[in-house]
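Each chain, written out:
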Amino acid sequence: MANGFEVTIPLTENLDHWPFVIACYAIGIAGTLAMAGWSWLSMRRAEKRRDAIRGRK
Amino acid sequence: MHGFANPARFLRIARWLTPLLLVSGLLIAGAALAYGLLLAPADRLMGDTVRIMYIHVPAAWLGMGGWTTIAIASLVELVWRHPLASIAARAAAVPGAVFTAICLVTGSIWGRPTWGTWWVWDGRLTSMLVLLLLYFAYIALAGAAQKDMAAGTGGSRVTAIFGLLGAVNVPIINRSVVWWNSLHQPPSITMGQSAIDPAFLWPLLAATLGFSLLFGGVVLARMRALLADIQAEARLRRKAVSAEIGAEFRADQGADILSVSSDRL
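So the protein sequences, as listed, match chains A and B.
Position 50, counted from 1, in the first sequence is what the working numbering calls 50; the numbers after and before it change by one each time, with no gaps.
Position 109, counted from 1, in the second sequence is what the working numbering calls 166; the numbers after and before it change by one each time, with no gaps.
Since the hints were made in silico from the structure, they are not lab data.
Fair warning: there could be bad hints in the mix.
To spell it out: a stretch of chain B is covered by chain A in this simulated footprint if at least three of its residues, at any positions, have a beta carbon under 8 angstroms from a beta carbon of chain A; those stretches are [said to hold, decoys possible]:
1. 102-110
2. 164-175
3. 274-283
In this text, a Cβ means the ideal position worked out from N, Cα and C, and glycines have one as well.
Produce the entire structure from the sequences given, and follow the hints as far as they go.
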């Protein structure tokens with residue numbers, strides 16, 4: 001209390017939360033989709049190679 | 058369990074289970090994340106940053122779940138010599154590492170508005186970083202072991218032992234917020250109990266289910282890829298050996314013909 005006015009000091013920064021939320025969703029979704037897509041494609045490639053070797057005389 | 062040791066039987070099941078897990082995982086995780094981002098309420102203290110929980114928490118659980126899978130598969134490999142166990146352990150390493158990395162990055166981003174810092178060297182964050190480094194070491198070791206196996210000079214036993222030893226870190230991560238003072242909150246969900254309001258809990262459980270199905274689908278896809286590589290290499294080796302034997306046989310026949318004709322001369 002100074003000169004009859006109450007001074008309040010904010011304990012937290014007043015940051016906008018949404019950029020942090022969007023960044024997390026973008027990283028999480030992109031990482032998961034990239035991993036799933038890469039696993040699927042590398043599986044298809046490996047199975048095609050095996051089948052080609054099996055079919056080769 | 059030994060019934061599934063047969064790679065042919067495993068492939069028969071994995072062929073329809075892999076796309077089913079991947080598609081259902083994508084749909085459930087996508088719906089849960091959309092709900093968490095757009096419809097779930099903001100928290101009284103954390104505000105909108107609580108929405109990060111629907112990505113961060115499933116990623117943390119699957120990061121630890123990945124290493125638990127590696128440890129169980131390594132134990133099965135060492136004790137029962139299950140032919141698919143080492144393949145399952147290797148297949149779980151990459152998705153486990155990806156989810157651990159997602160957990161660390163999203164946790165760091167979440168820490169900035171709530172704790173006022175991107176990173177602290179406390180028990181939870183440090184043990185999670187150690188888990189990521191263990192994953193990198195495991196992936197490198199498994200790759201080297203496979204080269205040794207192909208050359209006929211080694212096996213995957215060292216990798217399996219490393220997988221078992223690394224599992225010590227999983228209970229440390231789990232108990233770190235109880236054992237040491239930390240900025241990280243203590244566990245909100247324990248066995249059968251939850252301190253989370255149902256409005257936050259249900260989307261969290263749905264996101265965890267969706268990401269777990271995706272994790273299962275990725276592990277199966279990677280197991281199929283590793284099996285196909287092994288089968289292709291084995292067939293190429295057999296062909297090379299039979300071609301070598303054929304060449305030796307023809308060379309022997311040629312030598313015999315030469316010796317017979319020289320005798321006649």
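Right, here's what the structure says about each hint:
1. 102-110: holds (count 5)
2. 164-175: holds (count 5)
3. 274-283: Check passed, 7 qualifying residues.
In terms of the numbered hints stated before, the structure departs from none.
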